[in-house]
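Engineer: If you read the sequences in order, they're chains G, A, E and V. Each residue of the first sequence is one higher than the one before, starting from 4 at the first, in my numbering. Each residue of the second sequence is one higher than the one before, starting from 4 at the first, in my numbering. Each residue of the third sequence is one higher than the one before, starting from 4 at the first, in my numbering. Each residue of the fourth sequence is one higher than the one before, starting from 4 at the first, in my numbering.
Just to be clear, a hint being listed does not mean it is correct.
Since the list can't tell identical chains apart, any single copy or any two copies may satisfy a pair.
[Stated by the list, open to error] In silico EDC-like links for lysine to aspartate or glutamate, alpha-carbon gap of 16 Å or less:
#: 1; residue 1: K176; residue 2: E89
#: 2; residue 1: K216; residue 2: D292
#: 3; residue 1: K87; residue 2: E67
#: 4; residue 1: K355; residue 2: E89
#: 5; residue 1: K216; residue 2: D147
#: 6; residue 1: K76; residue 2: E360
#: 7; residue 1: K216; residue 2: D186
#: 8; residue 1: K258; residue 2: E166
#: 9; residue 1: K317; residue 2: E89
#: 10; residue 1: K100; residue 2: D38
#: 11; residue 1: K148; residue 2: D268
If you're looking for bench data, these hints aren't it; they were derived computationally from the structure.
There are 4 protein chains.
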Amino acid sequence: MNTFGRLYRLTSFGESHGVAVGGVIDGCPPGLELDLDLIQNELNRRRPGQSRITTPRVESDTVEFLSGVFEGKTTGTPIGFIVKNENQQSNDYSNIKDAYRPSHADFTYHQKYGIRDYRGGGRSSARETIARIVGGAVAKLYLDKLGIDVKAYTSQVGHIGLENDYRMYDLTKIDDNIVRCPDPEVAELMIKLIQETRYQGDTIGGIITCVIKGVPVGLGEPVFGKLHTALGAAMLGINAVKGFEYGMGFNVSKKGSEVNDSFYDSNGTISTRTNYSGGIQAGISNGQDIYFRVAFKPVSTILMEQQTVDITGKNTTIKARGRHDPCVLPRAVPIVEAMAYMTIMDYYLISKANKPES
Amino acid sequence: MNTFGRLYRLTSFGESHGVAVGGVIDGCPPGLELDLDLIQNELNRRRPGQSRITTPRVESDTVEFLSGVFEGKTTGTPIGFIVKNENQQSNDYSNIKDAYRPSHADFTYHQKYGIRDYRGGGRSSARETIARIVGGAVAKLYLDKLGIDVKAYTSQVGHIGLENDYRMYDLTKIDDNIVRCPDPEVAELMIKLIQETRYQGDTIGGIITCVIKGVPVGLGEPVFGKLHTALGAAMLGINAVKGFEYGMGFNVSKKGSEVNDSFYDSNGTISTRTNYSGGIQAGISNGQDIYFRVAFKPVSTILMEQQTVDITGKNTTIKARGRHDPCVLPRAVPIVEAMAYMTIMDYYLISKANKPES
Amino acid sequence: MNTFGRLYRLTSFGESHGVAVGGVIDGCPPGLELDLDLIQNELNRRRPGQSRITTPRVESDTVEFLSGVFEGKTTGTPIGFIVKNENQQSNDYSNIKDAYRPSHADFTYHQKYGIRDYRGGGRSSARETIARIVGGAVAKLYLDKLGIDVKAYTSQVGHIGLENDYRMYDLTKIDDNIVRCPDPEVAELMIKLIQETRYQGDTIGGIITCVIKGVPVGLGEPVFGKLHTALGAAMLGINAVKGFEYGMGFNVSKKGSEVNDSFYDSNGTISTRTNYSGGIQAGISNGQDIYFRVAFKPVSTILMEQQTVDITGKNTTIKARGRHDPCVLPRAVPIVEAMAYMTIMDYYLISKANKPES
Amino acid sequence: MNTFGRLYRLTSFGESHGVAVGGVIDGCPPGLELDLDLIQNELNRRRPGQSRITTPRVESDTVEFLSGVFEGKTTGTPIGFIVKNENQQSNDYSNIKDAYRPSHADFTYHQKYGIRDYRGGGRSSARETIARIVGGAVAKLYLDKLGIDVKAYTSQVGHIGLENDYRMYDLTKIDDNIVRCPDPEVAELMIKLIQETRYQGDTIGGIITCVIKGVPVGLGEPVFGKLHTALGAAMLGINAVKGFEYGMGFNVSKKGSEVNDSFYDSNGTISTRTNYSGGIQAGISNGQDIYFRVAFKPVSTILMEQQTVDITGKNTTIKARGRHDPCVLPRAVPIVEAMAYMTIMDYYLISKANKPES
């Protein structure tokens, strides 16, 4: 259950306070040039301490590849990699050894496993997503050559949100600000809200929108392997995610006549006039842009006193110390992209397998 | 990709216009009494022709079990079953042989496979969900004995919706009306809206809410096998579904201090005062009610002329004939329940495997 | 665990004394013409009652396809099929209801599941292999077009055996006799031995050799998915199989200098002078003939009184009645072929997925 | 395909000449004390340079655990580990960069992937088995507590072999000599033969026998997941293995009346008088000893000139340099045990999942 994908597979391991986090990518085709700068750049986008609205914790998060690469190219064998944990400060967490933090993994992990690495989030730590970033970056390198491009951005923080239509925004500007919102003015408002929330010792939720362009017709498998099912599962596997919608999503008070996407001949290519389907029909990509939205709850760690129970079940209170993210979204944008890249990569390889013989 | 689950597995087969639809349940523990009446009753809840707001097509949808059952009990071997297709009326579909219906599977299936059973939805037909109903009903029989109960209901049709809090409604009354909404007055409004929509030859979307009670603490696997990830994938695999949210879902403009679920000692059991988490924390059930919402788009088949292209890519128009559902929700309620039952069953078996030795 | 394969998948169901046996083929590419005569012919080669050295039980074993085929071609969707059980004669088995037949599935199934279909072999019956024959025949239709050919034959019955080198025999003659041995004189001896064994109420073991020609270079996946690993698992999953060897196999008292297969330039193609490797090197096909041998124990059902225990654990005796195979090999030849075809098909599809982009 | 197992899963990575080899164990239940000495001891049994009949190459092969362990116990989360590659001597292999070594992975890997790490065996190197040793040792720690014990030994080298019946030997003496044969006199002959073979620059094959005691009744899954199928696949996935047989194996010239294992009441437990079945009936363990034999070909690397082709397909010759094993068996004994432990562990967890509710 720590493995993602069918033909392009990432197995991840590692806790926040262990020696290292890492992963194994299995199924990457051979001959791909591994652009280490691009991979490290994606890690840097996820890294803590990158701006004044993320946790000030500093980790260099430098990836070391251990296998599967020869003379700069993938060999078709599994790509093992690790990122060492540097800044652990276990003592920060001593107060949470014997009590369950509300809405954290503490209680469920302890009940399930009977043992718990109390020095932090353990396996549920956001640090595990490092492996996903690497897996996604390798997929991105591959899909770039096929003209497939994934772009995610922060579209809502608290009550401050963009319009739903991604075509209204210039997606090349996402990384121009620290909240990763393509509208600079809205970005400023979001940043201000996050900073205010931090001063209160509180946290805030939001929404990330993601757009995938260039996906060829035919990716996706009926009936349990629909492309949006896989994308949804990929997103719902990210920490703090509470919802996923694609195309028209939860905007359901519509008639069929309003949201059916009529086909037309667009200079010899079959296209649709509208795209309420979100680029996926009957679970299979139709060549239009794929877009979806992902809801993130506020980070559970708040710097306020909260009521809870200790591990014996007795009522007590708890107050977090240390350095935490007031809002997960800026750092989650590259994670959403990574999961999307891995999903598309997996389905691209599957679609190669079941093509009719030519 | 036509198999759902890991340890409790359903493999489904069959098209709307083939000989039969059916499936194979693999992994059902032995010794379970197979209550055929309950299974058939679930099929009847999904069946077309059940009310004035569903398609008037009539199918008896009688399930035949072919294997895996001996003297009324499961034997631990795979349970094969079929439901024959009776009411096919292939000629109804002759007009759609050469043109792609907007927002249907026609275009993507044809492009992907180069061949298409044009006599109906083929594999993308809602008829495939019969297999899911049977798989879910068998899981329900098993989980009933463990005190686990799943209830889904129509919570929104078009703009007519219930309050979000499921605790406001009496969930024993869901099947008291044909739209399967626990509030009889709202149900009447929904039914009226569906009928009006049908008279216009149009269709309408909506939302189904689902509540699962009695799930023990500890179901769910980090990190890619979170329980809500599996539930989300199960729901996103249902035809016409465009979104999934659980717990606080897309209602993200909240502070951490507002939505953290504080633990307390409830007569010797650890419980939470609120349940914004939706019964799942860090991907693992925490013993509270699990609840989620599923968005359904309007049915694509409308009785109006629509613009489209034919299979050569030329612009044309198309108009559906025949008998169709104006709203998928009443018949989708048992499907949502079935997918939830199978998911919980699968994770229940997985949790048995990885429990510490006692 | 009732599913075989990764991308070309067969899920099988059914017991000897249920309504039907059948299966679902998932992952067959679209557009394959389904030659029903060829498929039925393979079933006939497996069928009981086909000759004087098989059980005289008569079953027509006519396959009915339920889905996945349209206008005679596969559509890419799952192919469901059943074969009805006709000749059940449950009363034949009444004497074995309360006692465990030695070396049969009775004891282990009963202990594992706590319930047992005592009317025959249940799920462990050879009847289950019908599904494999169908799965293999569909793969054969596909691989035929790629020039891949599988031939199995009876190479040993009791102490009567052929030479190990398959190139000494004319493999087109395998079906010319009822024991399926390509050497007519040895075949006569085998048939005589089987008949003598039957008169004694006894059974006899043997070996089947299988040769696969035309497999392209590159099928097989390091490290746990080696091609011979998959072939071995496929064979070891057949009832009564006790051993598998390929290439030089158990003939291990050899030096490296004797059995290394040196490469040479054979008119522009790289070939090997010898083939001790059996067509597979480091788990990947090298373009040479693949060959292997499969050991079958004698059938456990003998028409003699045997000592055993009853289901309460008390010592007793048992004597089989009815109609049984004195030797499993003649009917196992098409099963070995079917499992080989499915394995090669699966790996062929996998190899398509992980080919470098051209 | 670099992942082994279903519920107890090992994903392995690493090449002989990369930075490190390693793996991820997923599915190990929590609370297991990780005895690092035992694990390292198993690695030492596999290590090169351990005796005068193995390669003199020296590697310390010290394992570093990176995750999944807290305060000396497993936590239920994935256990990542690495072993650094120390003694690479890439220049030893410069002569094989442009030519394919006969019966090695060079040709098939190059043809399949279009790229090859020519500095050694790459992914096909025996070095990859380090990950399996660790995975097996962790399983051994778990199964020890359940009274399950695996013992493998060298039973044949070249023409020098033991009797087939493992009960004739004292299996506690296996590690008393460097060839790991429980009969000290035969061991001496084997060692002498291996040394002679080495002086000739040649290599020699052989057979390893393995016995598993204490497996409870009921492990194994019909029909494609039979226990011996899994054991066979586990063994056939080890480098240089050419055959697998269990119970009576290829000794097939037997009558049913000779090899049926009759049941009897052994002091209240149902036992069998003989064990031709090899402890597995109908794919499920029956409580008797499980035993099987594994055939290994001679190592392909010989210190003699051999004919081959270069990577352009032209005829040439090649002669290995450096330090190699003249016989793989002494170091393969712990690998056979490790694969057996992992297989039994996997099936033990599976059997927990599908037990009837008590």
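Engineer: Cα distance capped at 16 Å. Does K148 pair with D268 within a copy, between copies, both, or neither?
Structural biologist: For K148 and D268, neither the intra-copy (27 Å) nor the inter-copy (36 Å) Cα distance is at most 16 Å.
Engineer: At 16 Å max between alpha carbons, let me know whether K100 reaches D38 within a copy, between copies, both or neither.
Structural biologist: Close neither inside one copy (41 Å) nor across copies (25 Å); limit 16 Å.
Engineer: Checking an output row: K317 and E89, CA cutoff 16 Å. Within, between, both or neither?
Structural biologist: For K317 and E89, the Cα distance exceeds 16 Å both inside one copy (35 Å) and across copies (52 Å).
Engineer: Indicate which option fits the pair K216, D147 if close means a Cα-Cα distance not exceeding 16 Å: within, between, both or neither.
Structural biologist: Within one copy, since 11 Å is at most 16 Å while 39 Å is not.
Engineer: Regarding K355 and E89, is the shortest C-alpha distance of 16 Å or less found within a copy, between copies, in both, or in neither?
Structural biologist: neither (41 Å within a copy, 36 Å between copies)
Engineer: Measure nothing new, just compare the shortest in-copy and cross-copy C-alpha distances for K76 and E360 to 16 Å and report within, between, both or neither.
Structural biologist: between (29 Å within a copy, 14 Å between copies)
Engineer: For K176 and E89, with the copy left unspecified, which applies at a CA distance of at most 16 Å: within, between, both, or neither?
Structural biologist: neither (32 Å within a copy, 46 Å between copies)
Engineer: Pop the pair K216 and D186 into one bin, within, between, both or neither, using alpha-carbon distances up to 16 Å.
Structural biologist: neither (20 Å within a copy, 43 Å between copies)
Engineer: When Cα atoms must be at most 16 Å apart, do K87 and E67 count as within-copy, between-copy, both, or neither?
Structural biologist: Classified as both: same-chain Cα gap 9 Å, cross-chain 13 Å, threshold 16 Å.
Engineer: Checking an output row: K216 and D292, CA cutoff 16 Å. Within, between, both or neither?
Structural biologist: Only inside one copy: K216 and D292 sit 5 Å apart there, 39 Å across copies, limit 16 Å.
Engineer: Tell me, please, which holds for K258 and E166 at an alpha-carbon limit of 16 Å: within, between, both or neither?
Structural biologist: Close neither inside one copy (22 Å) nor across copies (22 Å); limit 16 Å.
Going through the hint list in order, the structure does not satisfy hints 1, 4, 7, 8, 9, 10 and 11.
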